[in-house]
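Participant: Let the sequences and hints guide you as you build the complete structure.
FYI, this note's numbering numbers position 227 of the sequence shown as 227, with every residue one higher than the one before it.
It should be emphasised that the hints constitute simulated quantities derived from the structure, not laboratory data. Among the clues, some could well be false.
[What the hints assert, rightly or not] Result set (DSS-like, lysine-lysine): computed pairs, CA atoms no more than 30 angstroms apart in a straight line:
hint: 1; residue 1: 88; residue 2: 32
hint: 2; residue 1: 69; residue 2: 88
hint: 3; residue 1: 95; residue 2: 69
[Unchecked claim] Simulated restraints on C-beta separations:
hint: 4; residue 1: 35; residue 2: 135; range: 31 to 39 angstroms
hint: 5; residue 1: 308; residue 2: 245; range: 31 to 39 angstroms
hint: 6; residue 1: 150; residue 2: 287; range: 48 to 56 angstroms
hint: 7; residue 1: 175; residue 2: 140; range: 16 to 24 angstroms
hint: 8; residue 1: 125; residue 2: 188; range: 28 to 36 angstroms
hint: 9; residue 1: 264; residue 2: 125; range: 53 to 61 angstroms
Fair warning: this is a prediction, and the values are worked out from it, not measured in the lab. Here a beta-carbon is modelled for each residue, glycine too, at the ideal position from N, C-alpha and C.
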Amino acid sequence: MKPPDFSIGVIFGNRDFFPDKLVAEARVDVVKLFADLGLNAVMLDPADSKLGGVETHTEARKCAALFRKHRDSIAGVLVCLPNFGDEKGVADTLKLAGLNVPALVQGYPDDLDRLDVIRRRDAFCGKISVCNNLRQAGIPFSLTTKHVVHPLDASFRADLAHFVSVCRVVRGLRQVRIGAVGARPGAFITVRYSEKILERNGISVTTVDLSEILGQASKLEATHARVTGKIDEIKAYANATAVPPAKLLQMARLGVVLDDFVATNHLDATAIQCWTSVQANHGCNVCTSMSMMSENLLPSACEVDVTGV
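Facilitator: Here's what the structure looks like:
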C-alpha cells in the first residue's frame with residue numbers, strides 16, 4: 001500500500017505524577033477525530049512506550065525516530081496533553097525529529113467535579129510549561145482558540161482544520177518555484193524582494209531576461225501550429241472579436257513562449273515585467289497570458305512582483 005503523502009505527527013505528553021489512563025483515553029479521542037476529518041496520524045504505538053505517550057528522554061527519542069522515518073509525509077505536529085505532560089519530553093521530541101514543521105499545542109480541560117487523584121489533569125498549567133520550553137528551544141508553535149479544550153469539541157475541530165490548512169500552505173511554499181520574467185520597473189519599488197531570503201525558506205526563483213522571451217516570441221511563425229492553437233485558446237477564453245488580428249497574433253506568440261518557460265523550469269507561478277516594455281517592444285499586453293495561466297492554477301503577477309504572486 002502506498003504511504004500517505006500528508007500526515008500529522010501526534011505527541012501525547014505524559015507525566016507519571018498524573019493518571020496514565022488519561023493518555024489511553026486521549027488516544028481514542030484523537031483517533032476518532034482524525035478519522036472524522038480524514039487525517040492520517042503518525043504516533044507511537046502503545047507498545048512502543050507507556051500507553052504510546054512521551055515522558056522520558058528515551059521515549060522522546062523513540063517518537064523522534066518515528067517522525068524522522070515519516071518525515072516526507074508529516075506536514076505538522078499535534079502536541080496533545082491529556083494531563084500536565086512532561087514539557088522536556090515534548091521539546092526533546094521536536095528537537096530530535098528536526099522536522100521544522102508547524103506545531104499545534106492542545107491541552108485537555110479539567111472536570112471541576114472530578115479533581116481527585118484518579119481524574120485530575122492540570123493540562124492548563126502543563127500547556128504553559130510546554131510552550132515555554134518550545135519558546136526557549138526556538139521551536140515555533142500555534143495555540144488553540146481556548147487555552148484548554150477537548151479534542152472532540154467543535155472549537156478544537158475548527159482549530160485543527162485551520163492548522164491543517166496552515167500545514168498545507170507551509171509545505172507548498174517550501175517547495176515553490178517562481179519564474180521572474182524581466183526586471184522590476186524603476187517606479188515599482190513596492191515589489192522589491194530578496195532571493196536569498198526566499199531561498200532560505202525553500203522558495204526558488206528562476207529568472208529570465210524579458211528580451212529573451214520577446215526574442216523567442218518574435219521568431220515564431222504566424223502559421224506555426226502552436227501559435228494558431230494558442231489563438232484559438234484565447235478566443236475560447238475571452239471575447240476577442242474587437243481585438244485586431246495582428247495583436248492577437250502577438251499575444252499568442254508570447255503565450256506560447258511563456259508556456260514553454262513555465263514547463264521547462266517546472267514553475268508553480270510567474271511574475272512578469274509589463275509596463276511598458278512588453279507594449280513598447282512586442283506590441284501587446286501580457287494580461288491575457290497571465291490571466292490564462294492563473295486560471296490554470298499557475299498564478300502570475302505583474303511587474304515582477306515575486307512575493308506578491
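Participant: Compare the structure with each hint and give your call.
Facilitator: Do the hints match the structure? See the list:
1. Pair hint residue 88 plus residue 32 holds up; C-alpha atoms about 27 angstroms apart against a cutoff of 30 angstroms.
2. Taking the CA atoms of residue 69 and residue 88, the gap is near 22 angstroms; set against the 30 angstroms cutoff, the hint holds.
3. Our distance criterion of 30 angstroms between C-alpha atoms is met by residue 95 and residue 69, whose separation comes to about 15 angstroms.
4. In this structure the supplied range 31 to 39 angstroms holds for residue 35 paired with residue 135, their Cβ-Cβ distance being about 32 angstroms.
5. For residue 308 paired with residue 245, a C-beta distance near 34 angstroms keeps the hint of 31 to 39 angstroms intact.
6. At roughly 51 angstroms, the beta carbons of residue 150 and residue 287 sit within the given window of 48 to 56 angstroms.
7. Range check, residue 175 to residue 140: about 19 angstroms between beta-carbon atoms, so the 16 to 24 angstroms window is met.
8. Distance hint for residue 125 and residue 188: a CB-CB separation of about 51 angstroms, inconsistent with the stated range 28 to 36 angstroms.
9. At roughly 56 angstroms, the beta carbons of residue 264 and residue 125 sit within the given window of 53 to 61 angstroms.
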